[in-house]
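All chains, full assembly: derive it from the sequences and hints.
So the protein sequences, as listed, match chains G and H. Position in the first sequence (first residue = 1) + 8 = the working numbering. Position in the second sequence (first residue = 1) + 8 = the working numbering.
It should be emphasised that the hints constitute simulated quantities derived from the structure, not laboratory data. Just so you know, not all the hints are guaranteed correct.
Computed footprint of chain H on chain G; a stretch qualifies when at least three of its residues, placed anywhere within it, have a C-beta under 8 Å from a C-beta of chain H [what the hints assert, rightly or not]: (1) 83-96; (2) 123-129; (3) 143-154; (4) 180-190.
Every residue gets a Cβ at the ideal spot worked out from N, C-alpha and C, and that includes glycine.
Number of protein chains: 2
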Amino acid sequence: MGRWEPDARGRLARAALTLYAEQGFDRTTVAEIAEAAGLTESTFFRNFADKREVLFYGAEGAAELLASSIAASTGTPMDAVSAALEAWTAIMQEDIDRVRQRDAVIAANPELQERNLTKHAELAAAMAAALRDRGTLDTIARLTAETGIVVFTAAYARWIEEPGKEDLPSRVRAAMVELRGALAQ
Amino acid sequence: MGRWEPDARGRLARAALTLYAEQGFDRTTVAEIAEAAGLTESTFFRNFADKREVLFYGAEGAAELLASSIAASTGTPMDAVSAALEAWTAIMQEDIDRVRQRDAVIAANPELQERNLTKHAELAAAMAAALRDRGTLDTIARLTAETGIVVFTAAYARWIEEPGKEDLPSRVRAAMVELRGALAQ
Numbered sequence: 009m010g011r012w013e014p015d016a017r018g019r020l021a022r023a024a025l026t027l028y029a030e031q032g033f034d035r036t037t038v039a040e041i042a043e044a045a046g047l048t049e050s051t052f053f054r055n056f057a058d059k060r061e062v063l064f065y066g067a068e069g070a071a072e073l074l075a076s077s078i079a080a081s082t083g084t085p086m087d088a089v090s091a092a093l094e095a096w097t098a099i100m101q102e103d104i105d106r107v108r109q110r111d112a113v114i115a116a117n118p119e120l121q122e123r124n125l126t127k128h129a130e131l132a133a134a135m136a137a138a139l140r141d142r143g144t145l146d147t148i149a150r151l152t153a154e155t156g157i158v159v160f161t162a163a164y165a166r167w168i169e170e171p172g173k174e175d176l177p178s179r180v181r182a183a184m185v186e187l188r189g190a191l192a193q
Numbered sequence: 009m010g011r012w013e014p015d016a017r018g019r020l021a022r023a024a025l026t027l028y029a030e031q032g033f034d035r036t037t038v039a040e041i042a043e044a045a046g047l048t049e050s051t052f053f054r055n056f057a058d059k060r061e062v063l064f065y066g067a068e069g070a071a072e073l074l075a076s077s078i079a080a081s082t083g084t085p086m087d088a089v090s091a092a093l094e095a096w097t098a099i100m101q102e103d104i105d106r107v108r109q110r111d112a113v114i115a116a117n118p119e120l121q122e123r124n125l126t127k128h129a130e131l132a133a134a135m136a137a138a139l140r141d142r143g144t145l146d147t148i149a150r151l152t153a154e155t156g157i158v159v160f161t162a163a164y165a166r167w168i169e170e171p172g173k174e175d176l177p178s179r180v181r182a183a184m185v186e187l188r189g190a191l192a193q
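Dropping the structure here:
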């Protein structure tokens with residue numbers, strides 16, 4: 009193991025995103041990312057499995073945030089999921105420029121889009137587990153958690169398309185109201 | 009182009025699934041699939057881009073079925089999506105042994121799971137397009153179509169876990185009722 013590098017993960021993630029945005033994901037090498045971050049290639053591989061994973065640097069933290077928010081909530085399963093999504097997207101909202109830059113990199117690459125879908129499935133699984141820990145039945149836990157990701161994805165797409173209008177947490181709330189309306193009989 | 013091969017796609021898909029189930033996805037070559045189907049490797053590549061795509065042979069037909077079912081429906085967007093999913097899963101139910109064999113192959117391979125998520129996203133996009141053609145607002149069309157895929161996925165997972173109990177269309181109906189209940193305020 010090399011010496012301890014302060015915030016190596018964050019430095020690598022920021023350097024990678026900048027390079028991917030400037031010169032494209034396919035044309036960027038791990039060696040370039042490490043150099044731009046002032047670190048070595050072996051430090052990169054101690055922190056990330058590959059070039060794709062570095063783009064999903066925040067996913068683990070997001071899963072923990074969503075799960076702890078659900079654990080703290082006392083509402084219905086869907087209310088708990090909604091509140092968790094609002095807490096998460098409020099944090100995304102603070103870093104809008106990087107989120108949009110990252111979105112453009114992912115949108116340009118089918119492999120990254122596939123990885124992104126997998127990360128969303130992992131977030132849904134983390135929320136479902138948190139709901140089960142609260143005592144929610146497995147079937148309801150899975151349905152509400154995955155529906156939460158659908159609501160997030162719809163809100164996020166509109167936010168990316170029309171960035172100036174409403175902020176992301178408000179769009180999540182609006183999409184949830186729309187979906188409740190569409191499912192009401 | 010080679011000579012016309014009757015049902016080449018279907019023969020290749022069946023041969024591939026049998027080999028993947030017997031000896032594993034990673035250990036199966038395109039040459040082996042072609043040989044088992046009594047066809048050439050070049051016929052394989054005229055029909056499928058790669059070893060993964062052959063497992064998703066039915067996805068195009070599924071997208072067309074879902075879209076045409078939604079086009080024929082006169083109910084609310086969510087009712088149209090539910091009816092389309094029941095029509096589709098009734099067909100899957102007829103071929104339960106192959107569906108389960110295919111599911112086991114996908115479950116054993118993270119790459120195939122990623123491709124499966126992408127195919128589900130494509131089915132949701134096809135349903136959303138069909139809803140827009142009926143005059144549904146884009147935002148509602150996307151939300152209901154993607155929620156439909158969530159309902160399908162939940163029902164499918166239970167059906168795979170407990171095959172003997174209810175059939176797949178009934179499970180889709182039950183999951184939709186559960187989700188409506190979870191979202192009612």
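Here is what the structure says about each hint:
Given as covered by chain H, the region 83-96 of chain G passes the check, having 3 residues with a CB less than 8 Å from a CB of that chain where 3 are the minimum. Coverage of the region 123-129 of chain G by chain H holds. Counting CB-CB distances below 8 Å, 4 residues qualify, and the rule asks for three or more. Residue count for the region 143-154 of chain G with a Cβ under 8 Å from a Cβ of chain H: 6. That meets the three needed, and the coverage hint holds. Note: the region 180-190 of chain G has 5 residues with beta-carbon separation from chain H under 8 Å; the three-residue rule is met and the coverage holds.
Consistency with the previously given hints is maintained throughout, with no hint failing.
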